[in-house]
Amino acid sequence: MLSRTVPAVCACLAVVGVASTAATGAGPVIVYGQHDAANAIHDGHARLTGISTAYRQAPAREDARYPRARRVGKLRGREFVTLSAQGMVSAVRRELAQRDVGGLVAIDEIEAPRYTPERLATLRQAMAMLGPDASRLVFYVAPGTVGQVGRVDRRRPLSAHLSQLVSTLSQGGHTYLALYHGGAVPFGRDEMARDLTGWRHRWPGDRASTLHVTIGPPRGNVRIAEIWHRIRASDAGRALLLNGPASYGLATRTDGLRWLTQYRTFERAPAAVPPGGAARLAVGGGLKILRTPAVMRRGSRVVVSVARPGRAVVLLTPVGGRRRRIAAITRPGSHRIQLPGDSRPGRYVLKVILSGDGLRDIAQRRIRIIK
Numbered sequence: 007m008l009s010r011t012v013p014a015v016c017a018c019l020a021v022v023g024v025a026s027t028a029a030t031g032a033g034p035v036i037v038y039g040q041h042d043a044a045n046a047i048h049d050g051h052a053r054l055t056g057i058s059t060a061y062r063q064a065p066a067r068e069d070a071r072y073p074r075a076r077r078v079g080k081l082r083g084r085e086f087v088t089l090s091a092q093g094m095v096s097a098v099r100r101e102l103a104q105r106d107v108g109g110l111v112a113i114d115e116i117e118a119p120r121y122t123p124e125r126l127a128t129l130r131q132a133m134a135m136l137g138p139d140a141s142r143l144v145f146y147v148a149p150g151t152v153g154q155v156g157r158v159d160r161r162r163p164l165s166a167h168l169s170q171l172v173s174t175l176s177q178g179g180h181t182y183l184a185l186y187h188g189g190a191v192p193f194g195r196d197e198m199a200r201d202l203t204g205w206r207h208r209w210p211g212d213r214a215s216t217l218h219v220t221i222g223p224p225r226g227n228v229r230i231a232e233i234w235h236r237i238r239a240s241d242a243g244r245a246l247l248l249n250g251p252a253s254y255g256l257a258t259r260t261d262g263l264r265w266l267t268q269y270r271t272f273e274r275a276p277a278a279v280p281p282g283g284a285a286r287l288a289v290g291g292g293l294k295i296l297r298t299p300a301v302m303r304r305g306s307r308v309v310v311s312v313a314r315p316g317r318a319v320v321l322l323t324p325v326g327g328r329r330r331r332i333a334a335i336t337r338p339g340s341h342r343i344q345l346p347g348d349s350r351p352g353r354y355v356l357k358v359i360l361s362g363d364g365l366r367d368i369a370q371r372r373i374r375i376i377k
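Take the sequence shown: its position 59, counting from 1, is numbered 65 in the numbering used here, and each next residue is one higher.
The reader is advised that the hints may include incorrect statements.
Derived DEER-like restraints, expressed as beta-carbon distance ranges [as the list claims (entries may be wrong)]:
no., residue 1, residue 2, range
1, Val-191, Thr-258, 12 to 22 Å
2, His-51, Pro-276, 19 to 29 Å
3, Arg-372, Arg-331, 11 to 21 Å
4, Val-309, Gly-211, 39 to 49 Å
5, His-51, His-167, 45 to 55 Å
6, Val-355, Ala-277, 44 to 54 Å
Simulated from the structure, these hints should not be mistaken for lab results. We treat Cβ as the ideally placed atom computed from N, Cα and C, and that holds for glycine.
Build out the structure end to end from the sequences listed, making use of the hints.
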């Protein structure tokens, strides 16, 4: 049986239905933090409307704001993943039957290395056995797993394992992506744009409203407003915020009110690009070999055009021979690359490989070199 550990810091969840806001979609807004921050988000103040329909994660301090119907259970992901399908079903149903749990159970957290293809098949079997109750499952995806999926070139398929992971999670109730590194340090603006765009691209279209973001606590010079701005800096980030975001790790009443302020700011203008502007979203392509005749003299030059950040390696390989690196390009622009003066006459493949931002592009030409 999975144990329920009372956290040293009281955690809370706040879930807001569609009717509570004109901006957000059908999914729950989740607040996962300490008691004072939770109450602040629930209550607001005279000039800031709070979330009065908040849910709180059990076990937690008793509070009249949160009757049993609005308390959420939680199972530890590292234990949950080791169970049989029947064991998973039993654990979920036991949690739902707790005196202080309402209608949702969170699995915290989902880590790709632990959720192997075999374990994912077991989870799918368990959800099938749960039937309609599978929609009560909330999955929190670990930051490392968010990056594993998000950084894969969107022009290429995911590995079979990651594809199964995304597909399996989409069959539950709601999935929340953690956007912070170890120590709850927030992802950078461009990193958030890349990963959220990647996940949104892979997520089944008919389940689009069930994918969400988890907004971590302020760290160092990165304040709550800046974290929100980073998420709002991409189309994918704004779309996932519309589904209802989660908050994680807020400690104080001030933090709670600042989070609530940013939520209401987004609610008023959900399509607006935030202060700081749009993120730079990595896009593949931008690599060409220009003005390269089929026959070239050794020592002559070719032009390689690079239109995006990254590092390009220029290779020259004789047919049936060993490849040779003849140049490296480290910045965008048009670059004149000289063919080696000691190249032997014959047929070659000129290849350029551009890598950067998790993307890889290749351009190549077949040429014949003469004296």
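Here's how the hints hold up against the structure:
1. Val-191 with Thr-258: 12 to 22 Å: holds, 19 Å
2. His-51 with Pro-276: 19 to 29 Å: At 23 Å between Cβs, range holds.
3. Arg-372 with Arg-331: 11 to 21 Å: Distance hint for Arg-372, Arg-331 holds at roughly 18 Å.
4. Val-309 with Gly-211: 39 to 49 Å: holds, 41 Å
5. His-51 with His-167: 45 to 55 Å: At 47 Å between Cβs, range holds.
6. Val-355 with Ala-277: 44 to 54 Å: Given about 47 Å between the Cβ atoms, the range holds.
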